Amino acid sequence: MATYQLNVNGQRKQVDVDPSTPLLWVLREELKMTGTKYGCGISACGACTVHLDGVATRSCVVPVSFINERSIVTIEGIGADPVGEAVQHAWVDKDVVQCGYCQSGQIMSAVALLKATPKPTETNIEESMGGNLCRCATYVRIREAIKSASQQLK
Amino acid sequence: MLSSSRFFIRTLLVILISLVTWIALTATAALGDREYWKLNSKANRADGLAAWQKVYSVLTSPRCINCHTATNYPQQGDDRHRHFANVIRGPEGKGVPGLNCLSCHQEANADSTGVPGGHNWHLAPLSMRWQDTNDRPLSSAVVCRTVTDRSKNNGLDGPGLLKHHQEEALVRWAWNPGRRPDGSMRTLPPLSQAEFVAATRSWVEAGMPCPPAR
Numbered sequence: 009m010a011t012y013q014l015n016v017n018g019q020r021k022q023v024d025v026d027p028s029t030p031l032l033w034v035l036r037e038e039l040k041m042t043g044t045k046y047g048c049g050i051s052a053c054g055a056c057t058v059h060l061d062g063v064a065t066r067s068c069v070v071p072v073s074f075i076n077e078r079s080i081v082t083i084e085g086i087g088a089d090p091v092g093e094a095v096q097h098a099w100v101d102k103d104v105v106q107c108g109y110c111q112s113g114q115i116m117s118a119v120a121l122l123k124a125t126p127k128p129t130e131t132n133i134e135e136s137m138g139g140n141l142c143r144c145a146t147y148v149r150i151r152e153a154i155k156s157a158s159q160q161l162k
Numbered sequence: 703m704l705s706s707s708r709f710f711i712r713t714l715l716v717i718l719i720s721l722v723t724w725i726a727l728t729a730t731a732a733l734g735d736r737e738y739w740k741l742n743s744k745a746n747r748a749d750g751l752a753a754w755q756k757v758y759s760v761l762t763s764p765r766c767i768n769c770h771t772a773t774n775y776p777q778q779g780d781d782r783h784r785h786f787a788n789v790i791r792g793p794e795g796k797g798v799p800g801l802n803c804l805s806c807h808q809e810a811n812a813d814s815t816g817v818p819g820g821h822n823w824h825l826a827p828l829s830m831r832w833q834d835t836n837d838r839p840l841s842s843a844v845v846c847r848t849v850t851d852r853s854k855n856n857g858l859d860g861p862g863l864l865k866h867h868q869e870e871a872l873v874r875w876a877w878n879p880g881r882r883p884d885g886s887m888r889t890l891p892p893l894s895q896a897e898f899v900a901a902t903r904s905w906v907e908a909g910m911p912c913p914p915a916r
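These protein sequence lines are chains C and E, in that order.
The first sequence maps to residues 9 to 162 in the working numbering.
The second sequence maps to residues 703 to 916 in the working numbering.
The shape of chain E in the complex, shown without the other chains (with noise of 0.2 Å):
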């Protein structure tokens, strides 16, 4: 009878034993994870930030962004200027009739003439503007929340805004963007298409993160 209480009492406590061992290496594992996650969301955020600005240093160069005014008209040249002969955005970034862009632009770059071209060519719509009124360039911060707010961007989500970038026809046309007037070439955004579509995977891959607003 006693031997038998005894036997009951070890094997308890042995179970008891091994379940506190077992709830305590359980937290230590499951406080090691969150710690984990933390570094990595940490580092997976700065990635991400890094790769954005890699995005924004394209959007910003002139081949991009002179058609992404705040303004009533596109700008041209490497100096962004006001697009010459009173060209307007009119009600559909495409110019009015009588003066549209396709009035010039037409499916490909007239090397010729010095008159780019790309299907479909048009500015793009107002709620994307990525300059001010004074066609000074938004900053990081703006732009990002601007690219990323799907009530301005088309619908686009992260999958969406890589295949735009990968994809998209005008946005392919700023790596062929042909020759000016003069014959020399127009100058190119400052990463490599491939470049650019590797810092948007980045980019989307953390989250899209974007710069705190100052």
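So here's chain C without its partners, still in its complex pose (with noise of 0.2 Å):
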């Protein structure tokens, strides 16, 4: 076990954890922030996607020893970014969610590539958005929210 201290949505947090726990285990067991999904455990399905100082990154794989001074924002806190909270206006908008499972994932890259990439093409969503699964298939959705809120951040 080990002492860590985590800037979580702008705030401090400690937690004693082995340090190979996955950041994903971190945040749902020990902070009870529960909007981060477990989907795969091994990246593949980007439900559990969380920014590492701004880096879109798969909370499932990540060691909580890994994370040191970088700051963790989730789907708790996405909506205090001006483009995080156009994406979710966009989702909401455009009723994305069926099961909503996957949705935590799918906005935390969305906003990501939004960030980078303000007006991205098709190309851009589809391989930016390539590792987010949904497998009640809202991907049409998805991308209609994406240039939604690309629109409205003009």
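Rather than coming from a laboratory, the hints here were simulated on the basis of the structure.
Given the structure is predicted, the values throughout are model-derived calculations rather than measurements.
Yeah, the Cβ is synthetic: ideal placement off N, Cα and C, and Gly gets one too.
Heads up, a few of these hints could be off.
To be verified - Simulated DEER-style distance windows between Cβ atoms:
#1 C:Thr11 - E:Lys865: 20 to 26 Å
#2 C:Asp101 - E:Tyr775: 32 to 38 Å
#3 C:Asp103 - E:Asp859: 34 to 40 Å
#4 C:Pro27 - E:Ser886: 19 to 25 Å
#5 C:Ser28 - E:Glu794: 39 to 45 Å
#6 E:Lys796 - C:Cys107: 41 to 47 Å
#7 E:Ala871 - C:Ile50: 21 to 27 Å
#8 C:Val100 - E:Leu828: 40 to 46 Å
#9 C:Asp103 - E:Arg852: 33 to 39 Å
#10 C:Pro27 - E:Asn822: 39 to 45 Å
#11 E:Leu858 - C:Asp101: 36 to 42 Å
#12 E:His866 - C:Gln13: 33 to 39 Å
#13 C:Lys21 - E:Ala871: 28 to 34 Å
#14 C:Gln13 - E:Ala871: 24 to 30 Å
Got two chains here, separate frames each, mind docking them using the hints?
In structure tokens form, the structure reads like this:
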């Protein structure tokens, strides 16, 4: 066990966990922040995506001992960011969600895309969102919502 | 008068004979050097080519060639299959926003989750591809010419290549590749890093010869 000071959504959080514990389980089990989802556990589906210093990161495969001083932003905090807020509004406006399980990760990846590429092409969207799976196949509405958010951010 | 003429002629003869002897000896020695150099050069080239084949055996091992693809994606595993999760190369070989290499690959191997890591994890540029678009390794001759082409290899000369093989973090990672998700150790290249560096040094010192293209 070791003690870690984490910066989560702008707040300092202290956890006592095994160093090899994936960040996902620190968020969900230790900090009770269950917005970030467990999907596959091998970074294949994107449901667990959070931002580490702005980089969309699969929290299920990153041990907490690797985080260091990097800031963590989760789905609970992304709405405080203008791009995050625009994406969340677009998600509601386009009624993207079906079962919703993958949508935290979808939104976190979409925000990372729009921060780096405010006016993404179809190819940009396809490539950046290609690692986020949706068993309900809401992909068409996800694309519409990303384009809509991009328009809102003009 | 007569004796002084004889003395002059004798002296002249001695000088001429000495000169001819010196020229003959010098020419023989020069020819010997040239022959020796020819033989030595052949030996150097043969040694250099043998050293290159050792280098090539490492470059085309999965730990190295999986990130020297000719395609829009990296590979993984000893069977060099396409990287899962729709990972793609991206404009700088580091993936794309939302799906960067750094989305999973951290500064070190994450043995508890089986994800390899190292500093600045990324794909080699397409100019340094060591396989064709069907994922088949290129020949020793082609890879050698690619590696030695400074317009393709980021401007590295012989000493630069040697330093790259000795010190580059992702090169060194090949000998510390961490554990697979099932907990087993990843396969190492066929030579140790010390042997790899020694082979590179021999090849560089031999003038970086490349096998003839077929």
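Verification of the supplied hints:
1. For C:Thr11 and E:Lys865, the hinted distance range of 20 to 26 Å is not satisfied, since their beta carbons lie about 40 Å from each other.
2. Checked against the hint of 32 to 38 Å, the pair C:Asp101 and E:Tyr775 passes, with Cβ atoms roughly 34 Å apart.
3. For C:Asp103 paired with E:Asp859, a C-beta distance near 60 Å fails the hint of 34 to 40 Å.
4. For C:Pro27 and E:Ser886, the Cβ-Cβ distance of about 21 Å falls inside the hinted range of 19 to 25 Å, so the restraint holds.
5. Range check, C:Ser28 to E:Glu794: Cβ separation about 31 Å, and the 39 to 45 Å hint is violated.
6. Distance hint check: the CB atoms of E:Lys796 and C:Cys107 are about 32 Å apart, inconsistent with the given range 41 to 47 Å.
7. Checking the proposed 21 to 27 Å range against E:Ala871 and C:Ile50 shows it holds: the Cβ atoms sit about 25 Å from each other.
8. In this structure the supplied range 40 to 46 Å holds for C:Val100 paired with E:Leu828, their Cβ-Cβ distance being about 41 Å.
9. Distance hint check: the CB atoms of C:Asp103 and E:Arg852 are about 56 Å apart, inconsistent with the given range 33 to 39 Å.
10. Hint check: C:Pro27 to E:Asn822, Cβ distance near 23 Å, so the stated range 39 to 45 Å is violated.
11. Range check, E:Leu858 to C:Asp101: Cβ separation about 52 Å, and the 36 to 42 Å hint is violated.
12. Between E:His866 and C:Gln13 the C-beta distance comes to about 38 Å, which sits within the given range of 33 to 39 Å.
13. For C:Lys21 and E:Ala871, the Cβ-Cβ distance of about 31 Å falls inside the hinted range of 28 to 34 Å, so the restraint holds.
14. The hinted range of 24 to 30 Å is satisfied by C:Gln13 and E:Ala871, whose Cβ atoms lie roughly 27 Å apart.
Violated hints, listed in ascending order, are 1, 3, 5, 6, 9, 10, 11; each of the other numbered hints is respected by the structure.
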